[in-house]
Each structure stands twice: as C-alpha cells, then as structure tokens.
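*Asks:* Those protein sequence lines, which keep their order, are chains E and Z.
Numbering-wise (my numbering), the first sequence opens with residue 1046 and increments by one.
Numbering-wise (my numbering), the second sequence opens with residue 2 and increments by one.
Quick caveat, the hints were computed from the structure, so don't treat them as lab data.
Everything numeric in this text was worked out from a predicted model, so none of it was measured.
The beta carbon of each residue, even a glycine, is placed where N, CA and C say it ideally should be.
Hints may be right or wrong, so weigh each one.
[Claimed, not checked] Take a look, some chain Z residues computed to stay more than 12 Å from chain E by CB distance:
id, residue
1, 36
2, 98
3, 164
4, 202
5, 244
6, 290
7, 391
8, 409
[Claimed, not checked] One side of the interface only, derived from the structure: several residues of chain E facing chain Z at Cβ under 8 Å:
id, residue
9, 1128
10, 1265
11, 1314
Take a look at the letters that make up each chain.
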Amino acid sequence: MLEELLFQLEMSAPQIVLGLVNGAFYALLSLGLAVIFGMLNVINFAHGAQFMMGAFVAWMLLNWLGIPYWGALILSPLIVGAFGVVIERLMISRLYKLDHLYGLLLTFGLALIIEGLFRNQFGSSGLPYSPPTSLTGAPIDLGFMMLPKYRVWVVVAALVVCLATWLVIEKTRLGAYLRAATENAPLVQAFGVNVPRMVTLTYAGGVALAALAGVLAAPIYSVNPGMGSSFIITVFAVVVIGGMGSILGSVLTGFALGLVEGLTKVVYPEASATVIFVIMAIVLLARPAGLFGRA
Amino acid sequence: MTIDRRTILGGAAALPVLGALPWRSARAQANNTLKLGVLTDMSGTYRDGCGPGSVAAVRQAVQDSGVTGRGINVEVLMGDHQNKPDVASTIARQWIDRDGVDVIIDVATSSCALAVNSVVKEKNNIMLNSTGATADLTGPACNANTIHWTYDTWMLANSTGGAMVKSGGDSWFFITADYAFGHALERDTGDVVKKAGGRVLGSVRHPFPGTTDFSSFLLQAQQSRAKVVGLANAGVDTINSVKQAAEFGLTRRQKLAVLLMIISDVHSLGLQTAQGLSLSETFYWDLNDRTRALSNKLKSGLGGAMPTMWQAGCYSAALHYLKVAAEMGVAQAKASGAETVVRMKAMPTDDDAFGAGSIRQDGRKLHPSYLFEVKSPAESKGPWDYYKLIRTTPAEEAFRPMAEGGCSLVRT
C-alpha cells in the first residue's frame, strides 16, 4: 500500500513541478489582465495578441538588429508597451464612458486584426527562437526528474515580477493614487494628479506584462501568431476563478490551476484542456465573485 | 447593462464562429465552367503546409493544364474550414448545393476529410484529398467519389516507423493528437512495430487543437523508458513537441520518431533543432529536374517558400482532374462525380510533382515515398536545402496493399 503510494508520488512529483512552470505563465498573463481590469475596468481581450507580439518583437530584435534574449527581455515589453499607449490614447480612452462591452468588443477586434496581420506576414507554423546559451545545456537533475534550467528561470522571473507588481499597487504611493483613481477619478484629479496619463501608463504596464510573458515563452513554445489565442481563453478562466480584478487572486489561481492542469495530464490527459473550465463552472456556482473577489 | 462573466464567456464563445463563412461565393455558373473548391486550413496550425499555398498550386495546375485555351472556363474557390469537421461539411454542402462546385480539393485535417468524404458521397461529387492523412479514406471509409492523393498514415507508419524498428528501436511510447488523424497514425505505427516483433509500452493523448505545452507528455514518455518516442501529431504540435523534447534532453537516452513532419515544419524549427530527424514525404523540391522546375514555378505564389508535399499534391490532383474533365467534355464531367472518378482511375497520372503514377481501385493514388534525414546546419548549402535522401520505397510497396484495407469497392 505504502509502496504504491510512494510510486504514485514519484510519478506525479515531476508533473507538479511542470504544473508550477505553466502556472507561472498563467500567473504572469492573468496579472496583466487583472491590473488592467482592476484599475481601468477594461476587459483587455487583446492580451493574447500582445503576448504574441512580445515574442515576435524578441524574434525581430534578434534577427533584424542582433539584440539577444536579455536585451529583448527589457526592450520588447517597452516597445509593445508603447504600442499599448497608442492603442489606449487613440481608441480605448474613448470608451471609458460607455459600457464595458464596447471595450471588450474593441480589444477583441484588435486581437483578430493583429493576429491576422502577423499571420499574413509570418505564416502560421512559427519562427525559431533559441534560449540564451547561459540557460541551455544539461537540465538540472532534481533526483526525480530532469528540469531544464530555462524553466527554472521562468518560474523565478514570474514570481519576482508578480511580487513586484503587487507591492507597487498595494504598498506604494503610486499604487495608492491608482486605487484612489479607480474609486473616484475626479477627486484624485482635483488633488493635482494627472489621472488620464496615469490610466494610459497603467494600460501600457499591463500590456508590457503580457509582452514580457511573450519573451519568456519564445524559447520554449513555437513563436507563431496563434500562440496567444490558445492561452488567452484559459487565462480569462483563471482571472474569473481568482476574482476579476484581484491581483493576488489571479497570481495564486494562475499557479494553482497550472498545477491542476499538470496533474490532469497524468490522470486523464484528454481532459487537460477542459479541466480549468470545469473548475470555473464550479467556482462560479459556489462563489460568483471568484475565490478572491469582493462581491 | 453591467459587464459580467457571462458576457466575457459569450465573447470567448463567439471567437470561433467568426470566419466560419466561406471566403467567397460564386455567381451562377455557365455550363462550360468547371469549379474547383480548395477547402483547407487558412488560419490554423496547418496553414503553412497547405492553406494559401494549396490555392496557388491549384491555380498553377489550371494554367499548366491548358484547358482554358480549349474554351473551358475554370473557377477556383477557396474556403477555410478551421480544422473543424462541422464547418468543413457545411462549406462543402454549400459549395455543392449553391455554388455548383464540381470537385473539392485538399481538405486538410483527417476529421474534416472524413466529414467531407461523406458529403461528396451523398451528393455524388468529388473529393481529391491531399493533406488529410488518415488511411481510413481508402479503408473502411472508402467510397467511389474520393481519391486520396499524396500520402497516408499507413505509408508514414511503414516508412518512418519501419526504419526506426529496423535500426533497433523495438519499444515505443506514443504522444498522440487526440483526434482521427492521431489515432490512425498511432494505430498504423503500432501495427508496424508489433509486426516487427517490437512492443508498444504506452501512449498519451493530448487535446487538439490548443495544446501548447508538451512537457508533461514528454516526461511521461521519459518515464516509460521506451527506446523510441513516436510523435503522432502534426504542424505546430509537432514543432512544439520537438522543441521541448530538445529542451528536456529527451533525445539523449531515447529516439524521437516524428511520424508526420513536412518541410515547412523543418523550416520553422530551424536546422539547429531539427537536424538528424528522420521523416517521410512523397515530394521534396530538390528530388529531380521536374520537381525543381515545378517548385520554382510555385515559389512565387508561396511568398518564396518551397512547396510542401501537400501543396504539390493539390497541384497534381487538380491537373489530373482537368485533363480527364477536358477529355470527357465539361458537361459530362459535371454530370456525375463517381463517373468522373472512374475515368480518373482509368487514366495513368503524370506530372512534375510525383512523375508517372496511377490511381488504384480503392481510390489510393500511387507513387514512391521517400525517407529523408534532416541535414545539419553545416551540411545545408543554401535556403531550403534541408533533406538527405535515405531510402526510396517504390510505388507498389509505399502504400497499404489493397486487400488489407477493407475497402468495399475492392472486388476480389
């Protein structure tokens, strides 16, 4: 009995580790979504496309300008974030007074257009992008599994970024302004804070987070125009389960659902794409505001 | 109205519906017009291997056939089935019923191919399938209206799988795309392994489409300790699997068998990651003078890329159809799909893509298959110089013997 249990544990331990690695991506992506929704009340359906752009910009920086991975890790989020500024100023800012649904439709349309443009230019099967040499080489032997160095880096980077974002929003003066502006924008503006600019930069920040996740994903997933859309629906489920707009909620839920998905891949792999939605349905029935949301 | 989860999820659900409409509808047809519908994946995982390139290849075939010089009009339509069988059969029905399409070409993705296979039978139309892989099209699902052109799962299994077993890979673990194609490829390869005295230790099925991370599956493959890990998937799935297998160091103790990989996948992976892989195709641009000439013609329609075997198959199929239709006369060719297919089977094929060939009673197009090895970056002399030819299997041996397929058209 005990032997069997140990065997089961040995079989699933690596899957738990891998689940956490995937959870890191879910956490990073849902973090950006939660920031944008929590602060701007915009449902950013273009998030997947912006994630994809992050990966493609990294590829362009390498192949057109010779800038390696580490440079792309900084530059790509800045470039895609600047694109976010343009989008926010030109389009999204005009919709704040209208119903949420308009923002959703606009960003959804944008996502389709961006993906279509990239598909026309680069095709669908993707572009090669290698991990940096310092993170390649023999995988780390954990005893029960071999874990590539690059995946360890992904988890560490995701944790640091999530923690930093949470600290900025919850513990700094800037974060306090932001949170105040979502409660009562005119009042905050009356105190001399430039609220529209802050909102623009928040959107850009959320977009940059998506792009950062894209750069992190480029060396391990195929860099193709559809890479975001396969993530985005799952990530939306993560945000809904975590509680819309709750930053800590999305991060924790991201890691937790990565884990659940990982274990499903062992127990019943055919269901691994659906398990998150089953959980979402259950959570919505039991706690409509999400696990960490305030009703 | 406030935004709630239902709205978001509604938006998410609407995503696949957009673009389900056929790209173009045709006007009422004249009687001397042949209508060729290219039904393919224009936006998903298989797009680069078929997609717009298949349409360009069919257009080239129209030009090369010279039928327009003989007073026959040819119209080429295209449709995006998004790898969904229901969308595929809806477009096929619409094309046949409303637009008067005479032949449906390509039909990527086995599940879509099987769906359209039933539609053309019901409507007495024609499907010339190039990209769909399942060998069931000339087996249990065969009919008098379908010709399976380029390759199939049996051929892949025997060529790549057979070579792996011969070189000592006698225990296997499969990573399989969970739909008709993956199942057929796993089954056919498993049969080859078992017949040669090997063992299949297990398999894991991943959802299609929508799987990005294969590390869990690769790890299960590692834990199985099988000598060979067979990838019974295709397109972006295979690319992601190979990329991540390299990352996890799977290839240091086990061998990777990519059961379906085409040149656009190799191009996307890059030789650094793809080098040394064995794969099977029935067409490669650099095989001989004829394939080089054809590829140079097709290249401009493909944005500079070399044609894949799927696209070459669309070219070859459309060309043969037009030859037969011109010989029969347009009115007769349009009258009955099954009748035209009988004539197509009677006439030997010959084109720049596959050379001389024939079509068997069960609808199987016959030509040689090739086992290639992907070159290392040092061996490659220029763009698209990717393959070394390892072995050629003659046409008679490349495909499943007719008696073993269980096709009802085969008279014994």
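*Asks:* To test your reading of the hints: which numbers does this structure violate?
*Replies:* The structure breaks hints 5, 9; every other hint is satisfied.
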